[in-house]
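**Student:** Please put together the full structure from these sequences, using the hints given.
Going line by line, the protein sequences match chains A and B.
Per the working numbering, the first sequence starts with residue 116, numbered consecutively.
Per the working numbering, the second sequence starts with residue 28, numbered consecutively.
Source of the hints: derived by calculation from the structure; they are not laboratory data.
Accuracy of the hints is not assured; some may be wrong.
Said to hold, decoys possible - What the simulated footprint calls covered on chain A by chain B, stretch by stretch (three residues with Cβ under 8 Å from a Cβ of chain B suffice, anywhere in the stretch; the number is not a length):
1) 260-271
2) 351-359
What the hints assert, rightly or not - Partial list, derived from the structure: chain B residues whose beta carbon lies under 7 Å from chain A:
3) 38
4) 39
5) 41
6) 213
7) 224
8) 227
9) 275
10) 276
11) 279
Every residue gets a Cβ at the ideal spot worked out from N, C-alpha and C, and that includes glycine.
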Amino acid sequence: MALADTAVLIARQPAPRQQRRGSFRAFAWQGLFLCALALFAWFIIANASDNLAARNMNFGFAFLSQRTGFDIPFHVVPWSTADSYGRALWVCLLNTLLAAAIGIVLGSLLGFLLGVMRLSANWLARSLSLAIIEIVRNTPQLLQIIFWYVVMIQALPPPRNGLALPGGMILSVRGLNMPSIEMGTAGLWPVLLLVAALCLVPVFRGLRRRHRAFGWAAPLLPAIALVVVLLSVDHLDYPTLRGFNYVGGVVVPPELIALVAGLSLYMSAFVAEIVRASLQGIAKGQREAASSLGLSGAQALFLVILPQALRVMIPQLTNQYLNLTKSTSLGAAIAYPELVQIYAGTVLNQTGRALETMFLVMIIFLGINLAISGFMAWYNAHVAIVER
Amino acid sequence: MAPTHVWVKRNLFPSLSSGLLTLLLAGVIIVLVKAIFNWAVTDATISGTTRAACDAGGACWTFIKVRFDLFFYGRYPSPERWRVDLALALVVGTTAATLIAPPRWQGWLALILLGFVPAAAGILLVGGLFGLPYIATNLWGGLMLNVLLTAVAGGGGFILGVFLALGRRSKYPVIRLFSMLFIELWRGVPLLTVLFMAMLLVPLFMPNGATIDNLLRAMLALTLFTAAYMAEIVRGGLQAIPRGQAEAATALGLRPWAIQSFIVMPQALRLVIPGLVNTVIDLFKDTTLVSIVGLFDLLAVITQAQKDQAWLGMAREGYAFAVVVFFLCCFGMSLFSRRLEHRLNRHLRY
Chain A
116 MALADTAVLI ARQPAPRQQR RGSFRAFAWQ GLFLCALALF AWFIIANASD NLAARNMNFG
176 FAFLSQRTGF DIPFHVVPWS TADSYGRALW VCLLNTLLAA AIGIVLGSLL GFLLGVMRLS
236 ANWLARSLSL AIIEIVRNTP QLLQIIFWYV VMIQALPPPR NGLALPGGMI LSVRGLNMPS
296 IEMGTAGLWP VLLLVAALCL VPVFRGLRRR HRAFGWAAPL LPAIALVVVL LSVDHLDYPT
356 LRGFNYVGGV VVPPELIALV AGLSLYMSAF VAEIVRASLQ GIAKGQREAA SSLGLSGAQA
416 LFLVILPQAL RVMIPQLTNQ YLNLTKSTSL GAAIAYPELV QIYAGTVLNQ TGRALETMFL
476 VMIIFLGINL AISGFMAWYN AHVAIVER
Chain B
28 MAPTHVWVKR NLFPSLSSGL LTLLLAGVII VLVKAIFNWA VTDATISGTT RAACDAGGAC
88 WTFIKVRFDL FFYGRYPSPE RWRVDLALAL VVGTTAATLI APPRWQGWLA LILLGFVPAA
148 AGILLVGGLF GLPYIATNLW GGLMLNVLLT AVAGGGGFIL GVFLALGRRS KYPVIRLFSM
208 LFIELWRGVP LLTVLFMAML LVPLFMPNGA TIDNLLRAML ALTLFTAAYM AEIVRGGLQA
268 IPRGQAEAAT ALGLRPWAIQ SFIVMPQALR LVIPGLVNTV IDLFKDTTLV SIVGLFDLLA
328 VITQAQKDQA WLGMAREGYA FAVVVFFLCC FGMSLFSRRL EHRLNRHLRY
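**Tutor:** Structure (structure tokens):
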């Protein structure tokens, strides 16, 4: 009561002169700053429009619907030279995301392995891991990617005597030829069904935990979907040598292999340090308690240590995933058809639309970054709740 | 120290599975090291001056020997190369001195490093003054370019980063928002797009006819990019300084700018020196990206040198050399950073 009265009294008093002058000054400074910023923006925009006018061009995205006429050597979705620039954006965005996704998964696994090796009781494993981490961390990523690419191109045999790998895969200088799965008449529907089933699993697991109806479906649903997928497979299309190259199956180009190798190895060195630090951060008593309960070393790691260490790791891992995604742009150096290579390279050269293409590339990278950090924040919250 | 056989038992063969792992790893390491050693040392050639000298089947270090100056100085004219050496010694010497000097000298050394040294190094490298012949920037190349870009972007990025960090903590919402957007924009896009932007868009933003040197544009891009990362590190340091420090300074009657520059900033910066050095190491590695936008740094010079008809097929030697050079530089810097961190921590342990 008394406090509230005092607050009202203070609020009613006229503001001291000092403060009013301060607020005016704040206003003036910020206004001045905004004016300078606006002036700079006006300078740039005026110059850009002058320069565009001198080249008889204007700013706009109408070119996205024009026909490109160039080939994109590697694409996940169908692509032909008759397709538009907009479609090219989609195709190379998927290439970027594909390299990032494989790189993140492989890099995390490798980094985890290296991090655990760093803490191994075995001196050789410990030292080997340290040597790999130091070499990888202290050389430029671009150099590593180019190095893998050149070494691969030099070391791999030509298609006519490609290395036959298990499962009908063939490795040659043209890349990794893998058998493809032909789905027959059902098309992609069974696969979509499987994905949907996998997405629903957490929901059903929640039901089971609360002993509600349909809780039994949690393990069964994906199993049924998997059986449907397996049944609807028509045949496997194996790559076979015809002339100087392979036909059939799918091919992973050497550029993608080198890019993924460079990206994932580089990230794994940083992930290993994160894993090591956070595993060490878990109190020794936890491991001792686990072993006194009769858990084996691996059980203690996966059931006791890791779930706790994960909480510490996630923000740092997010940073590494973001870095890797941005680094996919280095694929431009070895001609992997990703966003920067195609858009800031081929498309820009063909159309001359520097402003528009750079704008699109930057916006897309910002968007991807936002999406990954959003997802990791959600996952972080998820893990944090489990911890309680 | 335990006797050798105890150490071996404890560290290499503590259990059956671990012992098997030791044997497996040892086998792999021996095979790999032997192959690399044979290629790089036993079967390698370093004598002679032409490709014909290399017939032993191993690495042809003759290629590196012949091109050594090119890899370090690019096409910078040979009689003027002492200028590069002197500028390098000046920059590296002052930087190291600033980092390891006792705190009361650090401020003055930092002023020299950020004020006098860039001017002196710039005059040395560009020339055209004091009787030094002018050397156009398109002749600059090799490792010198990587070091130069690192120094410029590291120094410029640091100054800009300090202002951005202060801006992000400013009490003025407009400045706070601007700093935040600026930092997040550069941190959200790949460095390569920033370089492409500098190369392709900056000419578009200039008044008609005006051009900026290619190298200067790359410097601008790297500086802005580095500034965003340094700003976040400096901000971390600023957050670690207790508010009482600034309040005590206010009570003593210091002006806001004096509080920042004499009380808060010196303490904050000393805390984040290891982080700043790590950013510089990353920056040094990332300067290789300028090879994609057409500057002749070490990586680009090596790639270019392999296309020489007289030296075809030297990719492995060239890139192996680059790996060794970058590893030595970066590993050296990171050892330095670790020792620095150790010293700083000792200082903080009272």
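**Student:** Decide, hint by hint, whether the structure agrees.
**Tutor:** Hint by hint, here is what the structure shows:
{"no.": "1", "hint": "260-271", "in the structure": "holds (count 5)"}
{"no.": "2", "hint": "351-359", "in the structure": "violated (count 0)"}
{"no.": "3", "hint": "38", "in the structure": "4 Å, holds"}
{"no.": "4", "hint": "39", "in the structure": "6 Å, holds"}
{"no.": "5", "hint": "41", "in the structure": "5 Å, holds"}
{"no.": "6", "hint": "213", "in the structure": "10 Å, violated"}
{"no.": "7", "hint": "224", "in the structure": "5 Å, holds"}
{"no.": "8", "hint": "227", "in the structure": "4 Å, holds"}
{"no.": "9", "hint": "275", "in the structure": "20 Å, violated"}
{"no.": "10", "hint": "276", "in the structure": "18 Å, violated"}
{"no.": "11", "hint": "279", "in the structure": "18 Å, violated"}
Hints 2, 6, 9, 10, 11 from the list above are not met by this structure, while the remaining hints are.
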